[in-house]
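Trainee: Read top to bottom, the protein sequences are chains A and B. Heads up, the first sequence is in my numbering, so the first residue is 1 and it goes up one at a time. Heads up, the second sequence is in my numbering, so the first residue is 200 and it goes up one at a time.
Hints listed in this document are in silico derivations from the structure and should not be mistaken for laboratory results. Just so it is clear, CB atoms sit at the ideal spot from N, CA and C, and this is done for glycine as well. Take these hints with a grain of salt, some might be off.
What the hints assert, rightly or not - Computed spacing ranges between beta-carbons, pair by pair:
id, chain 1, residue 1, chain 2, residue 2, range
1, A, Pro9, B, Gln442, 28 to 38 Å
2, B, Val406, A, Ala108, 44 to 54 Å
3, A, Gly138, B, Phe512, 23 to 33 Å
4, A, Ala108, B, Tyr355, 41 to 51 Å
5, A, Pro9, B, Leu751, 52 to 62 Å
6, A, Thr187, B, Val406, 26 to 36 Å
7, A, Gly45, B, Arg835, 36 to 46 Å
8, B, Ile537, A, Ile156, 36 to 46 Å
9, B, Glu210, A, Ala108, 16 to 26 Å
10, B, Leu457, A, Gly138, 35 to 45 Å
11, A, Pro9, B, Asp221, 20 to 30 Å
12, B, Ile667, A, Ala142, 20 to 30 Å
Claimed, not checked - Computed from the model, here is a short list of chain B residues facing chain A with C-beta under 7 Å:
id, residue
13, Ile383
14, Thr386
15, Ile390
16, Ile393
17, Arg398
18, Gln455
19, Pro456
20, Leu458
21, Arg630
22, Asp779
23, Val784
24, Pro834
What the hints assert, rightly or not - On the chain B side, residues computed to face chain A include the following (Cβ under 7 Å):
id, residue
25, Pro209
26, Tyr283
27, Leu425
28, Gly453
29, Val702
For reference, the chains in residue letters:
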Amino acid sequence: MSETARSLPVLPVGTPGRRSLGWWGMLWAIVTEGTLFAYLLFSYGYFAVQLAGNWMPRQVPPLRLALPGIVLLVISVPAMWLGSFGARRGRTVALLIGLVLALALGAAFGVLQGLDWRSEPLTLRQGEFGSVYYTLTGLHLAHLAAGLLGLLLMLIWSALGYFDARRHAPVLILAAYWYFVVVVGVTVFVALYVLPRVW
Amino acid sequence: MADPELERRPEFATATVAYAHDLERLWETSPGIAGWLSTVDHKEIGIRYLVTAFAFLCAGGIEALLMRLQLAGPDRHVLGPHAYDQAFSMHGISMIFLYAFPVLSGFSNYLWPLVLGSRDMAFPRLNALSYWIYVAAGLFMYAGLAIGQAPNDGWYNYVPYANREYNPGMNEDFYSLGMIFLGISTTVGSINFIVTLARTRAPGMSVNRLPILVWGTLTASVANVLAVPSVSLAFFLLWMDRQFGTHFFDVPQGGQPLLWQHLFWMYAHPWVYALVLPAMGIVSDGLPTFCRRPLVGYAPVALATVATMILGFGVWVHHMFATGIPNLALAFFGGASIVIAVPSAVAVFAWTATIWLGRPVITTAFLFFASMIVLFVIGGVSGFMTGSVPVDWQLTETYFVVAHIHYVLIGINVFPVVGGIYYWFPKFTGRMLDEKLGKWNFWTMFIGFNVAFLPMHLTGLWGMPRRIYTYSPDMGWTTLNAITTVGAFIFAIGVAMLLINVVISLRVGRIAGANPWDAPTLEWSVPSPPPPYNFAVIPHVASRHPLWEDRLGESEVTSLVTRGLLLDHGRETIGTSPLDGDPDVILKMPGDSYMPLLLSVGLTMGFVGLLVHLWWLAVAGAAVALIAGVVWLWPRGTLGQRRVRHV
Ligand code: HEM
Chain A
1 MSETARSLPV LPVGTPGRRS LGWWGMLWAI VTEGTLFAYL LFSYGYFAVQ LAGNWMPRQV
61 PPLRLALPGI VLLVISVPAM WLGSFGARRG RTVALLIGLV LALALGAAFG VLQGLDWRSE
121 PLTLRQGEFG SVYYTLTGLH LAHLAAGLLG LLLMLIWSAL GYFDARRHAP VLILAAYWYF
181 VVVVGVTVFV ALYVLPRVW
Chain B
200 MADPELERRP EFATATVAYA HDLERLWETS PGIAGWLSTV DHKEIGIRYL VTAFAFLCAG
260 GIEALLMRLQ LAGPDRHVLG PHAYDQAFSM HGISMIFLYA FPVLSGFSNY LWPLVLGSRD
320 MAFPRLNALS YWIYVAAGLF MYAGLAIGQA PNDGWYNYVP YANREYNPGM NEDFYSLGMI
380 FLGISTTVGS INFIVTLART RAPGMSVNRL PILVWGTLTA SVANVLAVPS VSLAFFLLWM
440 DRQFGTHFFD VPQGGQPLLW QHLFWMYAHP WVYALVLPAM GIVSDGLPTF CRRPLVGYAP
500 VALATVATMI LGFGVWVHHM FATGIPNLAL AFFGGASIVI AVPSAVAVFA WTATIWLGRP
560 VITTAFLFFA SMIVLFVIGG VSGFMTGSVP VDWQLTETYF VVAHIHYVLI GINVFPVVGG
620 IYYWFPKFTG RMLDEKLGKW NFWTMFIGFN VAFLPMHLTG LWGMPRRIYT YSPDMGWTTL
680 NAITTVGAFI FAIGVAMLLI NVVISLRVGR IAGANPWDAP TLEWSVPSPP PPYNFAVIPH
740 VASRHPLWED RLGESEVTSL VTRGLLLDHG RETIGTSPLD GDPDVILKMP GDSYMPLLLS
800 VGLTMGFVGL LVHLWWLAVA GAAVALIAGV VWLWPRGTLG QRRVRHV
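Extracted from the complex, chain A is given alone in its bound form (with noise of 0.2 Å):
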């Protein structure tokens, strides 16, 4: 006989953090987009490569908009951590304040990338460089798109009163998509803005 089934524990019931199905769909997705960026990447040094140096427009993208836009994506991420750790303890003003933030400073950024986009000389058909900057940089931007969008849904669906220490699992699903958005941003920034100057 089969003691194993028989003393069964107590065992959480429903969509529990961590052991969510939710949380494990989250987690593949962000496998296959990371290797769609890993894919445009290695298009990237493909170019370099075949290209050989005179592929680089004159003036290389500045960091002028760049630079704080990045600072401010990487600061979203302790704001981040502030809301999911709310939510796990069930605090949620902390809740609230880290999804505030996070949302504030998400928004920053995209703007902050669309103003470096109204004042960068390249466009889209400046040859390869031109090519692949607004993809990489525009594919990234639709992943951003997606992220302050579901904060915007926790922030309200948080005000509602929906989450507590048992109940979080959509809290910590979509911190686990907002730290793959902040980490494809910075390779991102480093490809495009950092390593054509170190050239």
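We have chain A already, so just place chain B with the ligand on it with the hints.
Mentor: Frame of chain A; chain B with the ligand shown alone:
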């Protein structure tokens, strides 16, 4: 005692009639059109996948037969050159993307929860979404054919020919956007399989007890998660080049055509394995039932499945041997292409040994499974040959390659799939397929196939290039081509026999009962067709062959299928730990929902808008999709996603 909505100890007992009745009410799909549009039952979705995939097989088959009529003799005029281009492209696309993989998703969707001892897939609504997007993306690409602008650059769509300069019509836009669209379906479907496997198995279903089909689909799913982005990106870049004047593949501006080939094959080669590994799993699981013994070498076969895929990621360059890449790369990838034969050989030996050591019962399903081994060997040898670089330089772009593709794809995909239909049809429908018609079905397909494709190796060796719409009588290819065409029609008649058998047997087939083949795995422990909740009590699994334990005497503990965990506080199933399958959570499962359908409708609008540059339509589509998504994700108390309110 704490709140039972937050935590509880599941009851362990036998199901009573009243309890089963409750479950029925909780899990059943409402009748009529409402249920049809909103169902998330994996069994219903699995069947839809199978039926839809067969519809695309027939469409692709008709295209093939038209091509064969055109090539039956020299200088014929069934299809002109442009029509022929679209025919072989749509044939390849239909077969590779719209039939061969989705049909396996159909089996896996239907069977996974049943063989794993669960009540549904991990994400039932995502499952429905994946199906709807698949249909929409398939119709999207076929819409091109309807207006005479189907993709026309072969299924691998090389640039620069696919660039706008050389291909100004909408043909390639249908293909580019269609593939990005389809990629969403594949990706969410794959994530669903991975999480289902990791989290929702019956207690005791440890990784060393999984059916090989599960290993195959799992491996394919992980590969898809890592590979699909590559092709979606490639098609996205192509679309940008075509519509917005970027320069990714545009040669005069420094664009890199070989980048297309890298991105495409980094995806497509693993994909080819995704088309065969689950099918090999069908054979590994089905064959033993008819050999009356367990599969010989379970562990090596499971490992070989995974190893094939890992190696499969390292061989994409073998599609590019003739492109002038460096010699070192040639040596590396040529070597890898030959090494990959090793895990395949493991599987072949395991099946052969299973037949050899067993007492085979010659059913139709057995014939399909066993013949697959033969076709696999032939396809494998011709693949092995083209894996060798100098040979490939001679044979690439000839009919030798066409023969190879078909041996591999028909041999390792179509034959196991049809065998799988004969094997599981009783489970799907409660009735047996007719065995007599089945034998005719098998022999017609087998003979037709070999008549069509065996001579084709020779056609290739005699120099006939692929993808030409006609040839002159002096080339000496006339007789061989005529034979191939005859064989193709015999094969098509064979496929028609299957469809006829299905239609007849649905009405008058013999009633099957729960386990007509006396098979060993969990899906056969439930009635045919299974109730909407699959398992009244969650079974406990103690071995690889829960239903053969008494005669195999392998393990001391026995599996429990009639006594088990009762879960009926709403739609529930058990969540288990990834490796050992120990229960660690009681999961709440979502019910039927229109949101997957609505989301797919929104995405379809969006892609149509992008295709025809109706930006307002694209935006409207995005808005619809967004609304569906928000409703879908809104935290629900019934799913345990938000705070429990105590009144
Ligand atoms: C009745 C059965 C079939 C016949 C008669 C048939 C015939 C053909 C023909 C005539 C071609 C084009 C050769 C050329 O001009 O280059 C072709 C290409 C191809 N077939 Fe089939 N086929 C059949 C079934 C299948 C199946 C079941 C699959 C896959 C599961 C498949 C996959 C392909 C692929 C991938 C190509 C290459 C398309 C391209 O060149 O882009 N075929 N087939």
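Trainee: Each of the hints needs a verdict: does it hold here or not?
Mentor: Hints and how they fare:
In this structure the hint that A/Pro9 and B/Gln442 lie 28 to 38 Å apart at CB is violated, the actual value being about 58 Å. Distance hint check for B/Val406 and A/Ala108: the Cβ-Cβ separation is about 46 Å, which falls inside the suggested range of 44 to 54 Å. The hint said 23 to 33 Å for the Cβ distance between A/Gly138 and B/Phe512, and at roughly 28 Å that hint holds. Between A/Ala108 and B/Tyr355 the Cβ separation comes to about 43 Å, which falls inside the hinted range of 41 to 51 Å.
Distance hint check: the CB atoms of A/Pro9 and B/Leu751 are about 31 Å apart, inconsistent with the given range 52 to 62 Å. Checking the proposed 26 to 36 Å range against A/Thr187 and B/Val406 shows it holds: the Cβ atoms sit about 34 Å from each other. Between A/Gly45 and B/Arg835 the Cβ separation comes to about 45 Å, which falls inside the hinted range of 36 to 46 Å. Distance hint for B/Ile537 and A/Ile156: a CB-CB separation of about 58 Å, inconsistent with the stated range 36 to 46 Å.
For the hinted restraint 16 to 26 Å between B/Glu210 and A/Ala108, the CB-CB distance of approximately 53 Å leaves it violated. Checked against the given bound of 35 to 45 Å, the beta carbons of B/Leu457 and A/Gly138, roughly 24 Å apart, lie outside it. Taken as a hint, the range 20 to 30 Å holds for the pair A/Pro9 and B/Asp221, whose Cβ atoms sit roughly 25 Å apart. Our hint of 20 to 30 Å for B/Ile667 and A/Ala142 is violated, since their Cβ atoms are close to 42 Å apart.
The closest approach between the C-beta of B/Ile383 and any C-beta of chain A is roughly 10 Å, which is over the 7 Å cut-off, so the hint fails. Here the hint on B/Thr386 is kept, as its CB sits about 6 Å from the closest CB of chain A, short of 7 Å. For B/Ile390, the shortest C-beta to C-beta distance to chain A is roughly 4 Å, which falls under 7 Å, so the interface hint holds. Hint status for B/Ile393 relative to chain A: holds, with the closest Cβ pair at about 6 Å, below 7 Å.
For B/Arg398, the suggested interface contact is upheld, since its CB lies about 6 Å from the closest CB of chain A, less than 7 Å. With its C-beta approaching chain A no nearer than about 6 Å, B/Gln455 sits inside the 7 Å limit, and its interface hint holds. A cut of 7 Å between beta carbons decides the hint on B/Pro456: the least distance to chain A is about 11 Å, and the hint is violated. Look at B/Leu458: its Cβ gets to within about 5 Å of chain A, closer than 7 Å, so that hint holds up.
This hint is violated: B/Arg630 has a C-beta 34 Å from the nearest C-beta of chain A, more than the 7 Å allowed. Look at B/Asp779: its Cβ only gets to about 10 Å from chain A, farther than 7 Å, so that hint breaks. Interface hint status for B/Val784: upheld, as the beta-carbon distance to the closest one in chain A is roughly 5 Å, under 7 Å. At its closest, the beta carbon of B/Pro834 sits 5 Å from a beta carbon of chain A; the interface hint therefore holds under the 7 Å criterion.
Interface hint at B/Pro209: satisfied, since its Cβ lies 6 Å from the closest Cβ of chain A, which is below the 7 Å cut-off. The beta carbon of B/Tyr283 is not positioned within 7 Å of any beta carbon in chain A (closest approach about 33 Å), and the interface hint is therefore violated. With a cut of 7 Å, the hint placing B/Leu425 at the interface with chain A holds, because the nearest CB-to-CB distance is about 5 Å. Checking B/Gly453 against chain A by beta carbon gives a least distance of about 5 Å; that is within 7 Å, so the hint holds.
A least Cβ separation of about 38 Å between B/Val702 and chain A goes past the 7 Å threshold, and the interface hint is therefore violated.
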